[in-house]
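Construct all of the structure, not just a fragment, from the sequences and the given hints.
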Amino acid sequence: MEFIICILAGILFATGVYNILQKQLLRIAIGTGLISHAAHLFILTMGKLKRGQPPIILEGITEYTDPLPHALILTSIVISFGVTSVVLVLAYRTVNENNTDNMEQLRGNEYE
Amino acid sequence: MNNLIVLPMVLPLLTGVFIVFFKSYIQVQRWGTFILLLVNVGISVIILRQIQIDGIISIDFGGWAAPFGILFVADSFAALLVLTTNIVSAICVLYAMPTIGKRRETFYFYPFVNFLVAGVNGSFLTGDIFNLFVTFEVMLLASYALITLGGTRLQLKESLKYIAINVVSSSLFLIAIAYLYGTLGTLNMAHLSMRIAESGQTPLLTVISLLFLIVFSLKSGLLLYQWLPGSYSTPPTAIAALFGALLTKVGIYALFRTFTLLFYHEQQITHTLIAIMAGVTLIGGCIGAIAYNNIRQIVAYNVVIAVGFILVGLAIMNTTAIEGAIYYLVHDMIVKALLFLLAGTMIYLTKSEKLDEMSGLIRNYPSLGWMFFITVLSLTGIPPLSGFIGKVLLGQGAIVAESYILLLLSFMSGFVVLYSLLRIFMSCFWGETIISEEEETPLSKKVIFPSAILVVLTFALGFGAESIAPYVQDAAYTLTNPSVYINAILPD
Chain A
1 MEFIICILAG ILFATGVYNI LQKQLLRIAI GTGLISHAAH LFILTMGKLK
51 RGQPPIILEG ITEYTDPLPH ALILTSIVIS FGVTSVVLVL AYRTVNENNT
101 DNMEQLRGNE YE
Chain B
1 MNNLIVLPMV LPLLTGVFIV FFKSYIQVQR WGTFILLLVN VGISVIILRQ
51 IQIDGIISID FGGWAAPFGI LFVADSFAAL LVLTTNIVSA ICVLYAMPTI
101 GKRRETFYFY PFVNFLVAGV NGSFLTGDIF NLFVTFEVML LASYALITLG
151 GTRLQLKESL KYIAINVVSS SLFLIAIAYL YGTLGTLNMA HLSMRIAESG
201 QTPLLTVISL LFLIVFSLKS GLLLYQWLPG SYSTPPTAIA ALFGALLTKV
251 GIYALFRTFT LLFYHEQQIT HTLIAIMAGV TLIGGCIGAI AYNNIRQIVA
301 YNVVIAVGFI LVGLAIMNTT AIEGAIYYLV HDMIVKALLF LLAGTMIYLT
351 KSEKLDEMSG LIRNYPSLGW MFFITVLSLT GIPPLSGFIG KVLLGQGAIV
401 AESYILLLLS FMSGFVVLYS LLRIFMSCFW GETIISEEEE TPLSKKVIFP
451 SAILVVLTFA LGFGAESIAP YVQDAAYTLT NPSVYINAIL PD
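Protein sequence lines, in the order shown, are assigned to chains A and B. With my numbering applied, the first sequence covers 1 to 112. With my numbering applied, the second sequence covers 1 to 492.
None of these hints come from the bench; they were simulated from the model. Cβ coordinates follow ideal geometry from the N, Cα and C atoms, glycine included. There may be inaccurate statements among the hints.
Interface residues of chain A toward chain B, partial, derived using beta-carbon atoms under 7 Å [as the list claims (entries may be wrong)]:
no., residue
1, I28
2, G33
3, I43
4, L58
5, V87
6, R93
7, E97
A short list of chain B residues far from chain A (calculated; beta carbon distances all over 10 Å) [unchecked claim]:
no., residue
8, L13
9, Q27
10, Q226
Written out as structure tokens, the structure reads:
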């Protein structure tokens, strides 16, 4: 099972990197989203996908899944939500101010 | 008593939240932030002295014993950096008051500065690697807000690149943490260090260490500094000074922590790589500092050179070199802030960023000119000033370790720093006076006063090197002997 999820995370990563290297601003935002998905899946996999009950203490259950990666992912999901919304609003403002969403045309040519 | 070490992070957070409610009462925001930072300076001095007496101080949150809960750890290295951070940011806030403009002040400039300081202090003090990620994000989100605050076209352009690169490096950081957790099953730094030592740093762990190297290099601008000159030259001066003094230094701190505490077993791989990266950073920074005709760009490339210089100390990895690197790190935080403030003041006075559009400023603004000259001398490492002792110790360490190429590169970079800054000094302050006395923009005392404090500090650090020597020696001793750190956290 870990093997399959690792390949899935790899695919997410590859598509994310491909999107980040594009010129359109929105694609870059999508790329960062894909990369953070890949990272979160990866944390889950690294905590081992052993079969077990959800980490809630109930009577009569002895096998639980590892609760620590869940807590880590939850934290980092919230952080990446915050960052993604900042990126989206910023992209919106940049497009409005500069009248382009092409990264090539957003180069600062003010310094010579 | 050890509750004291959470205050450098908790107080700015609380103040930041508190002054959000005083949107239109700018005086409350200003002086609230400034007084908080002064209180923090006092607290960090107390912490520093306490560490001299008791050894490393740590606090387990919620009473959970070391490997299971999260914790804050203050050793001399962290405490010295916290102290310097608070001093520098207090002075930047003092500079921001007359210069940043009413519009930015009403749009939550001071709360963001508070959160930035909280993130930086938290990164220095945490003893848990995932907590380090979180405090990094606190710092970075505040810096995203500060870099875009005001929303001019240029700022928006450059900040997108800055944010994109930091989002990617944060994801890489998460993945590195996931690998580390998958192989070792813990996130506490002391516990990690123990488990790595037990397994003798297998090749898998070395690969993970290289991933950490990439992550922190992106944050600190070691070799991967291409985002830095653009994004540090667009925000207003007070913000640029905060960034130049603090942000890359957190990356440098994280590199020192990981490669002295965790991954110190395979030095011929990791530390050789750091040495190569530091060397190339020095060369690249030097080329950039010479190439540009724009004051802000030259100053930004000087940050890159300093990063390379400090990381040479880590690459050499003996006590003398690390001691030198710590002296230089503290000196560089203070003097880089000073350099950014002075360059920003020059741009504010002449309304131009180009070298060839300024001339003869020394007649109009003698105090500014001589302060700039002192900064140049201090950054180059002329003896009575603060840059000297760090350079000498680092050079000594390099000679002991027989790494002559690094020695040559790091000392040659000193000449380039001298050349690039003297070029600013000679072409802007000497020569014909362009601005007549009637036309000159008055330089108010409020604007020049913060820089004057920093000049006094660089003299104090230079003459009083003896008085901070015990702290620096203790910091270097702890960094080179990881067992001291581990025994303080996990008493078995």
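Status of the hint placing G33 (chain A) at chain B (closest C-beta pair under 7 Å): For G33 (chain A), the interface hint is violated, since the closest Cβ of chain B sits about 9 Å away, which is over 7 Å.
Status of the I28 (chain A) interface restraint (C-beta, 7 Å, chain B): holds, 6 Å
Hint validity - I43 (chain A) Cβ closer than 7 Å to any chain B Cβ: Given a least distance of 4 Å, the restraint on I43 (chain A) holds.
Interface hint compliance - V87 (chain A) to chain B, C-beta minimum distance less than 7 Å: Because about 6 Å separates V87 (chain A) from the closest Cβ in chain B, which is inside the 7 Å limit, the hint holds.
Hinted contact L58 (chain A) with chain B - closest CB pair below 7 Å: violated, 22 Å
Assertion that Q226 (chain B) lies farther than 10 Å from chain A (Cβ): holds, 13 Å
Nearest-CB test (10 Å) between chain A and L13 (chain B): Label holds. Min Cβ-Cβ 16 Å, cutoff 10 Å.
Hint status (Cβ of R93 (chain A) to nearest Cβ of chain B, threshold 7 Å): holds, 6 Å
Interface exclusion of Q27 (chain B) relative to chain A, criterion Cβ beyond 10 Å: Q27 (chain B) clear of chain A: closest Cβ-Cβ about 29 Å, beyond 10 Å.
E97 (chain A) as an interface hint toward chain B, with CB separation required under 7 Å: holds, 5 Å
The structure fails hints 2, 4 (numbered hints given earlier, in ascending order).
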